[in-house]
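Once you have looked at the hints, place chain B on chain A.
2 protein chains.
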Amino acid sequence: MGAVKGVKAKRMPRAVREQQMMDAAVHIFGRRGYRAASMDEIAELAGVSKPLVYLYLNSKEELFTACIRREAARLTEAVKAAIEPGLAADRQLWAGLEAFFRHTAENPDGWSVLHRQARTHGEPFAAEVTAMREELSAFVTFLIGAAAREGTPPAPGTVGAGRSGELADRDIEGLAQALVGAAESLAGWANESDKLPAKDAAATLMNFAWTGLGGLMRGERWSPR
Amino acid sequence: MGAVKGVKAKRMPRAVREQQMMDAAVHIFGRRGYRAASMDEIAELAGVSKPLVYLYLNSKEELFTACIRREAARLTEAVKAAIEPGLAADRQLWAGLEAFFRHTAENPDGWSVLHRQARTHGEPFAAEVTAMREELSAFVTFLIGAAAREGTPPAPGTVGAGRSGELADRDIEGLAQALVGAAESLAGWANESDKLPAKDAAATLMNFAWTGLGGLMRGERWSPR
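Chains A and B, in that order, are what the protein sequence lines are.
Okay, so the first sequence: first residue is 1 according to UniProt numbering, each after it adds one.
Okay, so the second sequence: first residue is 1 according to UniProt numbering, each after it adds one.
It should be emphasised that the hints constitute simulated quantities derived from the structure, not laboratory data.
Quantities reported herein were computed from a predicted structural model and do not represent experimental measurements.
Glycine included, every Cβ here is placed at the ideal spot set by N, Cα and C.
Certain hints may be false.
In silico contact screen, one side only, chain A against chain B (beta carbon under 10 Å); selected entries [stated by the list, open to error]:
id : residue
1  : R119
2  : S193
3  : T204
In isolation and in its complexed conformation, chain A is listed as follows (with noise of 0.2 Å):
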């Protein structure tokens, strides 16, 4: 039996080694740090010998840059399969919002290695996330557009009825980059906290957002009595 695995084991495809080994290192740097982290752990976890995560990965640095570009590349890819594009753009939004929830709840050491560990370590980690994040907020930016012109006109009588509900591109990218930055901020605590389901999460910053939104688009403001 030892034999028998033995063999598979090394027939097993380096494409697979690799990303077991990435596995392992996204669960140590997640929950250790990228300083803390070590190499010993990370090869251990994967099961295999500390040289050959070298060989396949080169350094720690190349290691945790590598789980930075995949974990950024799997939330995205997340976030965008949720999404049916023939949907109203409110909808496309809630998919999003619950997908980027779901899928950092159900990768909490994904999701700290993105915005805690990546962030806390400088170049070149930083810019990765950036990327990411950039790619995001244009997409949230794109949709918040698509609902203000699609926006629902306001019912006769309502607060707003006959004011205009335009909406600036400014205005656009500043509430794309809010709802980011919130979106963000309830997930790191969400993890932390452990209180809030995916579901709920995006269904918190849903109801604040959106219906604020759908005020902005009826043309209510708020302004200090």
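Okay, now just chain B, sitting in the frame of chain A:
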């Protein structure tokens, strides 16, 4: 004249000198980042010798930590000073947000140190910012909770009239986390893009969040149609 200046410089109290050094350090750290910042440049900008900087503030690490603490205290102070406790919760939150955006816009280097530099250079720096963030989050949680209790009853016939507008503690804490994350993200974006004046940033977020919160308190809920 030179001699008089020299005497003046010598007589300058240590506390004043330290503040000048930290002003210079915040400027350099905020623009160059922690690693690229040079103590030579900081000393030159402060108009003192490099040994004096080390004599007063010990090391680059301690100087950076002192800068983070000072900037965090000033930001928290600016937000708190703007708030009149007698006002309604939504006006208090508006005043706090406006002060937050004004302070971060007027002190872009300080905000860069807190939001970008401190977080991207690991512990113990990140922990300093976490402490400030928790203080502001607790305050926002308190205000949202107060606003929820004060909540305007729904006008008869409006959406949500008669439905329960009660928010659970968990929702309130989640909303506060979302709002703090949104404010951080928006302040960073506003400073980088140089497009959004502080008052507009506060108004954008307040409109977004407050009409949303208003809707929540009237019992309105967004749900996928």
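Q: Check each numbered hint from earlier against the structure, then list the numbers of those it violates in ascending order.
A: none
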